Amino acid sequence: MAATPIQLDEHGRLRHFLTIENLPRELLVEILDHAERFTVVGDRAVKKVPLLRGRTVVNLFFEPSTRTRTTFELAAKRLSADVMNLNIEASATRKGESLSDTLRTLEAMDTDMFVVRHQDSGAPEFIARQVAPGVSVINAGDGRHAHPTQAMLDVFTIRRHKPAFEDLRVAIVGDITHSRVARSEIHALKILGVPDIRVVGPKTLLPTAIESLGVGVFHDLDEGIAGVDVVIMLRLQQERMQSALLPSGHEYFHTYGLTPARLKRAARDAIVMHPGPINRGVEIDSAVADGHQSVILQQVTHGIAVRMAVMSMVLGSHAQAA
Amino acid sequence: MAATPIQLDEHGRLRHFLTIENLPRELLVEILDHAERFTVVGDRAVKKVPLLRGRTVVNLFFEPSTRTRTTFELAAKRLSADVMNLNIEASATRKGESLSDTLRTLEAMDTDMFVVRHQDSGAPEFIARQVAPGVSVINAGDGRHAHPTQAMLDVFTIRRHKPAFEDLRVAIVGDITHSRVARSEIHALKILGVPDIRVVGPKTLLPTAIESLGVGVFHDLDEGIAGVDVVIMLRLQQERMQSALLPSGHEYFHTYGLTPARLKRAARDAIVMHPGPINRGVEIDSAVADGHQSVILQQVTHGIAVRMAVMSMVLGSHAQAA
Amino acid sequence: MAATPIQLDEHGRLRHFLTIENLPRELLVEILDHAERFTVVGDRAVKKVPLLRGRTVVNLFFEPSTRTRTTFELAAKRLSADVMNLNIEASATRKGESLSDTLRTLEAMDTDMFVVRHQDSGAPEFIARQVAPGVSVINAGDGRHAHPTQAMLDVFTIRRHKPAFEDLRVAIVGDITHSRVARSEIHALKILGVPDIRVVGPKTLLPTAIESLGVGVFHDLDEGIAGVDVVIMLRLQQERMQSALLPSGHEYFHTYGLTPARLKRAARDAIVMHPGPINRGVEIDSAVADGHQSVILQQVTHGIAVRMAVMSMVLGSHAQAA
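Chains as they are written, first to last, in numbering that gives the first Met the number 0: chain A, 0 to 321; chain B, 0 to 321; chain C, 0 to 321.
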């Protein structure tokens, strides 16, 4: 029941941010509350606070992702940190250096934080177990395992529209099997007390033991979203569409695409979310993506504030927050 | 006769900078005057003014250009802005995201300004029509259409040497057809009152209706530059040299290359300009490029000041300028 | 006997940093002393001093090197400079622009410093001979010629453990022929008064006239490191292992790899150094690389301080140093 111990220090404070799983509810609420204060920073002309001035943040991306890297880079710059972007595919490992050696070398440069994206589940935790006491690691997505800042920006966006988690019905729709986003979202929603969490998708894209996470399982979209307050659509990866797991994108849309007609089955004031980038006409209809129930772009905006909150918390600089 | 309305706000102030065409003379002079003040910043040890502190500038380059990107990045950094470089070829569009979605996502990160280079004419205006009220777009070169900051740094350089535009004779030499630089220069020189503007080049590289812009057309270089005060040489693109439009680079130089002997036909104190990078021995002789009449490197230096001026003006921060 | 005149100004102060060869002893000591003061900057929460605020540093890498580029970028940022990274392979030269023109263009942007890595020996000096009076050049590694900041961080690390250079015995082990690091180290150790410098390696990897530098030559590792206070292992390049110059990496390790057993032949308190990245099991055993005599990661940390020292000295900003 305890959090992965490595994430918290002996006082229960966040030291690394690797997974939502097993984190205490109060900590998630603390992140959300800090993020709330950072949202105003983005609205100012001078979008900068000096919390991480003179700190060195290294974006360590073993898997390319302009969008996620950009949000972390912006969050770090708005906290006044110095940011280095390292695309590891193209550098050290080419020289045959081991991951451990690369890390120790970067750490020896007095780096304060590593933001890590990696195609292998567990890589950020592997790194967190190696770094020196003062250094923090944030998981920016690892394999199929977790994407905790994405989940936090999702629940942050939900809270802004639906303050009472304990009354909510939330449906997550699409490729659950391959989605680190879905895994982290389910953990976050559970911990925050959402009583009705549903996953919706074809059998080929739902993990076999998914019920063990305490979620309802639906293969029919109309049933799955009936009456829900929040619909979270997942991105369908291109490679999935070309595999035997699925018919074409067009057919997928026919069965699992969110259209205005289908959305009517959800609660009247339901909000629609998506981690982006969206595939219009595959998992979501443009009329829904651009409609008044969509909060997809708000998710992006909140992503900066949530990352600023997590980055300042792991470095212990949140006390004086903006 | 009115400016492309989208570029100006209701008070006639610059909001986007997309094209020179139809801008009022006073606005061009205002840019030049602001740039004049920024030239001193480059001479200081501390080459920084706090005008855009905490603002987020995104360099959105759909067409690679280290030189132009570098000047915009430096201009933004010297204005104390936070700069993000996005090479769009290599990122979002690879995932099949539409340009509009990429833009809205970046905008949702509270970006203040997009500096856009695109291979398609009109792309920066397309973007400017979509962004939110507080966001500005600067065209860093689109297709064959326009390169307005290049034109402004050219007229800025001219004004430093030849203060009275209304007395000038200016020749633009080379591949006019494919040159967004030439188009923007002609507009800027016209608006600033230059009475004698000439384009010089082989028929294959001059647009058919070019006279309608109010310029003289010459196919003979000696005639075209006779008595001019300013010679602007254009870069000959490699692909042009390999096409059927032109003989070899060597033959082009024989007919249209600017040599010391030919330059003698211009006014004695004529200045020689080139947007760079130069092809020595193709459109220009090294003795001219490096000679005392060349102001090619001054153009580069002024390019930073002019971009600082435009960037601070579109964000409404020029009032308190350095 | 005089330093390459171009490196020093008329008062004997460092203007460029191109090679260790022929520099006066006092200047090396001055660099070490400045670096000493910068080591504390890395330990602070706010790892920043304002010495180069508003200065523009361009990392001009003609040969890719994430590690070296990162250390220079971090050093510049911690001095509060604005840094631009230019990978020249991928940009200007693609357009057929000459190196001289690229340089003059960057210089015209009011650049203060070029940090240059180039595959050709002498390229940084070539550049230093062209830049304007106020602009400095730092060699970040050129061909087989020199890597002076690496040598300075090595002697800095040595001095922290073995303060009296005049009593030391130092062995440099491996591929001396192809190593710019070894060349610069030998010069630095000589100038600082180390009486016993040895190079150790197979005949195929030792230059023929190496004795003329005043070093002892050994082909047997056990003999070469007998009693030394410092062992500097060089990286064995992959391409060397695949060439006719050497047997396999495995066989190389058998003959020249540093194992705990062999290290016992050195002085009991000998330190082990390596410029990185290390090839575990090729030139060095993991037990040695990670052992208590290894100072390899300290070298990385000191590399930032030494580069901050050199960067601030060449721009004349060291007087007010942190």
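Warning: the hint list may mix true and false statements.
Stated by the list, open to error - Have a look at the derived ranges for each label pair, beta carbon to beta carbon:
#1 C:Arg52 with B:Ser99: 51 to 57 Å
#2 C:Ile5 with A:Glu88: 34 to 40 Å
#3 B:His291 with C:Pro23: 20 to 26 Å
#4 B:Glu165 with C:Asp8: 45 to 51 Å
Worth flagging that the hints you see were computed from the coordinates, not collected in a lab.
Bear in mind the structure is a predicted one, so any value in this text is a computation, not a measurement.
For every residue, glycine included, the Cβ atom is placed at its ideal position computed from N, Cα and C.
Results of checking the hints against the structure:
| no. | hint | verdict |
| --- | --- | --- |
| 1 | C:Arg52 with B:Ser99: 51 to 57 Å | violated (39 Å) |
| 2 | C:Ile5 with A:Glu88: 34 to 40 Å | holds (39 Å) |
| 3 | B:His291 with C:Pro23: 20 to 26 Å | violated (40 Å) |
| 4 | B:Glu165 with C:Asp8: 45 to 51 Å | holds (47 Å) |
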